[in-house]
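Asker: Chain by chain, the residues run as shown.
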Amino acid sequence: MSVVVFTRSTPDTAAKVEADASGGVSWGDAATVVNPWDEYALEEGILQAKAGAGKAVVVAIGGEMHSEALKHSLAMGLDEAARVEDAGIDPTDSLAYATAAAAVVKKIADVDLVLFGKESVDVGSDQHIVQTARKLGWTMLSYVSKIVAVDYAAKTIKVERMLEEGRQVVTSRLPVVISVMKDINEPRYPSFIGIRKASKAVIPLWSLGDLGIAAPPPRTKVARYKNLPARDTRFELIEGTPEEQAKVLVDRLIEEKVL
Amino acid sequence: MSAVIAWVEAFNGKAIPATWEALAAARMLADKFAVPVVALIIGEGGEALAAEAGQFGADEVLLCADSSLNNYRLEAYAGVLTALVQSHHPRAVVAAATSRGRELLAASAADTDSPMLGDVLSLSVGDGWISADRAGYAGKVLSETQVVGGETQFVTVRSRAFKALDPKAGAAPQVSSLAPALSEDQIVSKVESFETEAGTVNLTDAAVIVSGGRGMANNPKDAPADAGDAAVWKARDGFANVLQPLADTLGAAVGASRAAVDAGYIPYAHQVGQTGKVVAPDLYIAAGISGAIQHQAGMRTSKIIVAINKDKEAPIFKMARYGLVGDLYQIIPALTAEVKKRLGK
Ligand SMILES: Cc1cc2nc3c(=O)[nH]c(=O)nc-3n(C[C@H](O)[C@H](O)[C@H](O)COP(=O)(O)OP(=O)(O)OC[C@H]3O[C@@H](n4cnc5c(N)ncnc54)[C@H](O)[C@@H]3O)c2cc1C
Ligand SMILES: Nc1ncnc2c1ncn2[C@@H]1O[C@H](COP(=O)(O)O)[C@@H](O)[C@H]1O
Chain G
1 MSVVVFTRST PDTAAKVEAD ASGGVSWGDA ATVVNPWDEY ALEEGILQAK
51 AGAGKAVVVA IGGEMHSEAL KHSLAMGLDE AARVEDAGID PTDSLAYATA
101 AAAVVKKIAD VDLVLFGKES VDVGSDQHIV QTARKLGWTM LSYVSKIVAV
151 DYAAKTIKVE RMLEEGRQVV TSRLPVVISV MKDINEPRYP SFIGIRKASK
201 AVIPLWSLGD LGIAAPPPRT KVARYKNLPA RDTRFELIEG TPEEQAKVLV
251 DRLIEEKVL
Chain L
1 MSAVIAWVEA FNGKAIPATW EALAAARMLA DKFAVPVVAL IIGEGGEALA
51 AEAGQFGADE VLLCADSSLN NYRLEAYAGV LTALVQSHHP RAVVAAATSR
101 GRELLAASAA DTDSPMLGDV LSLSVGDGWI SADRAGYAGK VLSETQVVGG
151 ETQFVTVRSR AFKALDPKAG AAPQVSSLAP ALSEDQIVSK VESFETEAGT
201 VNLTDAAVIV SGGRGMANNP KDAPADAGDA AVWKARDGFA NVLQPLADTL
251 GAAVGASRAA VDAGYIPYAH QVGQTGKVVA PDLYIAAGIS GAIQHQAGMR
301 TSKIIVAINK DKEAPIFKMA RYGLVGDLYQ IIPALTAEVK KRLGK
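Chains as they are written, first to last, in the working numbering: chain G, 1 to 259; chain L, 1 to 345.
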């Protein structure tokens with residue numbers, strides 16, 4: 001069996017990200033990191049491949065910058081990596097992404113589990129995850145905070161999902177696509193040996209032709225990135241004893257009509 | 001049917017607040033397209049919801065009830081929505097960007113090869129195509145995203161980004177019913193149990209949020225000898241007995257920084273920030289939170305930010321409208337007492 005984990009590189013979480021005059025986006029010379037939510041998916045990929053006595057494959061869809069995330073994943077201990085890049089796929093178009101992702105899973109073959117982090121911070125979306133499941137015709141289990149039980153021989157799985165109102169326990173049949181929440185596990189750090197091995201790895205690059213599919217029809221595009229509207233920079237420091245501070249603050253909040 | 005469909009999301013038979021905000025967005029699109037708004041209600045209790053949907057702006061209602069649809073499940077609900085889109089070709093489908101709304105619309109958009117703009121902050125229409133501002137790069141920039149092809153346009157709207165319409169009394173939308181798409185034995189996933197967290201206010205819907213950070217551990221109360229980790233005990237005691245009473249007085253939800261969550265002071269469901277929830281309340285009170293960029297990512301669009309921190313150099317003061325330098329364990333109880341007194345509670 002195989003487990004496939006999708007990931008990508010995003011600017012370091014502390015980076016200052018800005019839109020430029022031409023509508024592009026940049027983060028200066030800040031480093032890129034694995035999309036923060038994906039670390040949990042990568043860790044779970046390693047654990048589940050071991051549990052199923054199979055291999056864990058990590059895949060990124062997009063340009064060369066995403067090789068960084070793949071190298072980090074190999075250094076953590078995933079078994080294989082691949083990257084998909086093709087002028088016919090705009091990775092910000094969720095349907096194009098999902099079409100390519102589903103084709104990758106079919107190419108890898110014998111896959112029981114596809115894992116994603118909860119969302120991608122760059123596109124600010126999780127819809128490509130659900131759409132990958134639908135393109136595969138598999139069950140989608142989103143917001144999973146715990147894999148309670150999985151039987152790779154009997155092809156059954158039981159998970160706990162975290163929803164707005166509480167926790168839901170769901171059973172399903174494999175194969176499934178899962179998006180994982182932060183509290184599912186404690187991601188490991190890459191080992192020295194892992195980093196050495198990953199630095200020498202040659203990562204295959206696949207085109208749509210290699211996946212055996214035609215370019216999906218474009219559905220959405222990012223027209224431009226824009227900076228946030230300027231924040232109200234007024235600031236009032238409220239001083240005095242705690243009781244005096246409380247009194248002035250409540251005055252202000254009533255004036256602002258938020259109480 | 002040339003229409004805009006609005007999915008009415010309910011939990012245990014009651015509409016969630018964000019669903020009427022989504023209906024207002026659907027109304028705006030429908031007016032631009034000069035078509036009616038059709039509210040889609042899947043599951044039990046639809047008749048009462050149908051009347052409510054009419055008050056909040058729906059022209060017509062489609063009800064789909066079946067024992068397989070009593071509790072939300074993606075496969076079952078997406079089956080209904082996809083079949084409806086395939087047979088009726090609506091101009092747009094709109095829902096709130098909740099856990100359920102996001103996955104339901106994404107699934108049907110994929111099934112029908114349709115465009116989807118998810119979690120939008122604003123909407124506009126030009127030449128019949130929808131365009132939206134969305135948050136990108138953890139809310140550090142906006143991405144203006146456009147539909148460029150397809151037939152039905154799917155949209156989910158972020159909580160509190162659109163205002164629900166004022167309810168119109170006496171609106172009586174025409175109600176028709178719709179057959180389910182799948183039978184129970186075609187649905188692979190089964191819900192075994194659902195454990196609701198009692199008494200919690202949903203962070204993304206909340207108008208007021210009171211959040212605590214690592215500073216919650218500096219509780220002057222002494223931890224009992226058998227408490228295990230004293231800092232954890234103190235912080236939990238502070239969340240329960242100092243922050244929660246303020247939240248209760250304000251009708252607020254309780255949030256937290258990741259440092260507080262990671263240290264075990266409060267469950268992850270309360271985390272605000274880049275790897276937690278993104279919130280936009282009218283009032284956000286941050287107590288004992290330094291204001292790291294990853295925390296800001298989750299709360300920067302709050303209308304009024306109040307910072308309570310003993311370090312006057314803490315970065316949270318750069319975002320705040322009002323700053324109170326001092327010990328949160330003195331300021332919060334004073335604030336709770338003052339609010340009670342002033343609001344007569
Ligand atoms: C990939 C990644 C993702 C992250 N995601 C998130 C996220 O989603 N949300 C998030 O919050 N963080 C996130 N972080 C962590 C973030 O960088 C900070 O570490 C975290 O926000 C700090 O939490 P804090 O402000 O509670 O703690 P600290 O930075 O330790 O601040 C504690 C503050 O409390 C004050 N204080 C102490 N005692 C008192 C007292 N008695 N009265 C008043 N003030 C007091 C101190 O002056 C200090 O300013 C993320 C980090 C990374 C790398
Ligand atoms: N709102 C809900 N959403 C999803 N599942 C639920 C919900 N309420 C109850 N359940 C589960 O659905 C099944 C039927 O629940 P009941 O209505 O209590 O008989 C049980 O397994 C419940 O735990």
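Think of the hints as simulated: they come from the structure by calculation, not from any bench. On a predicted model such as this, the values are computed, not experimentally measured, just so you know. Among the clues, some could well be false.
[Claimed, not checked] Computed Cβ-Cβ distance ranges for the label pairs, DEER-style:
| no. | chain 1 | residue 1 | chain 2 | residue 2 | range |
| --- | --- | --- | --- | --- | --- |
| 1 | G | D151 | L | L165 | 36 to 44 Å |
| 2 | L | N218 | G | T156 | 27 to 35 Å |
| 3 | G | P217 | L | A171 | 35 to 43 Å |
| 4 | G | A53 | L | S124 | 26 to 34 Å |
| 5 | G | D151 | L | V191 | 33 to 41 Å |
[Stated by the list, open to error] Here are the simulated lysine-lysine pairs, DSSO-like style, with alpha carbons at most 30 Å apart:
| no. | chain 1 | residue 1 | chain 2 | residue 2 |
| --- | --- | --- | --- | --- |
| 6 | L | K190 | G | K257 |
| 7 | G | K158 | L | K318 |
| 8 | G | K226 | L | K163 |
| 9 | L | K221 | L | K190 |
| 10 | G | K106 | L | K163 |
| 11 | G | K247 | L | K190 |
| 12 | L | K190 | L | K163 |
| 13 | L | K312 | L | K190 |
| 14 | L | K318 | G | K247 |
Idealized CB from N, CA, C, for every residue including glycine.
Asker: Need the status of pair K318(L), K247(G): alpha-carbon distance at most 30 Å?
Answerer: holds (22 Å)
Asker: Run the distance test for K247(G) versus K190(L): straight-line Cα separation, threshold 30 Å.
Answerer: Given that 30 Å is the threshold and the Cα spacing comes to 53 Å, the pair is violated.
Asker: Would you check the hint for K190(L) and K163(L), treating anything up to 30 Å between C-alpha atoms as holding?
Answerer: This hinted pair is violated, its Cα atoms lying about 35 Å apart.
Asker: Given the hinted pair K312(L) and K190(L), is their alpha-carbon gap at most 30 Å?
Answerer: Since the Cα atoms of K312(L) and K190(L) sit roughly 52 Å apart, the hinted pair is violated (cutoff 30 Å).
Asker: Run the distance test for K226(G) versus K163(L): straight-line Cα separation, threshold 30 Å.
Answerer: Holds, at about 23 Å.
Asker: Is it true that A53(G) and S124(L) lie within 26 to 34 Å of each other by Cβ?
Answerer: violated (53 Å)
Asker: Going straight from one Cα to the other, do K221(L) and K190(L) come out at no more than 30 Å?
Answerer: violated (47 Å)
Asker: Are the Cα atoms of K158(G) and K318(L) separated by 30 Å or less?
Answerer: Since the Cα atoms of K158(G) and K318(L) sit roughly 46 Å apart, the hinted pair is violated (cutoff 30 Å).
Asker: Within a Cα-Cα threshold of 30 Å, do K106(G) and K163(L) meet the stated pairing?
Answerer: The given pair, whose Cα atoms are some 44 Å apart, is violated under the 30 Å limit.
Asker: That 35 to 43 Å hint for P217(G) and A171(L) (C-beta), does it hold up?
Answerer: holds (39 Å)
Asker: Take the C-beta atom of N218(L) and the C-beta atom of T156(G), compute their distance, and say whether it sits inside 27 to 35 Å.
Answerer: With a Cβ separation near 48 Å, N218(L) and T156(G) fall outside 27 to 35 Å, so the hint is violated.
Asker: Can you let me know if the beta-carbon spacing of D151(G) and V191(L) is within 33 to 41 Å?
Answerer: violated (19 Å)
Checked against the numbered hints above, the structure breaks hints 1, 2, 4, 5, 6, 7, 9, 10, 11, 12 and 13 and satisfies the rest.
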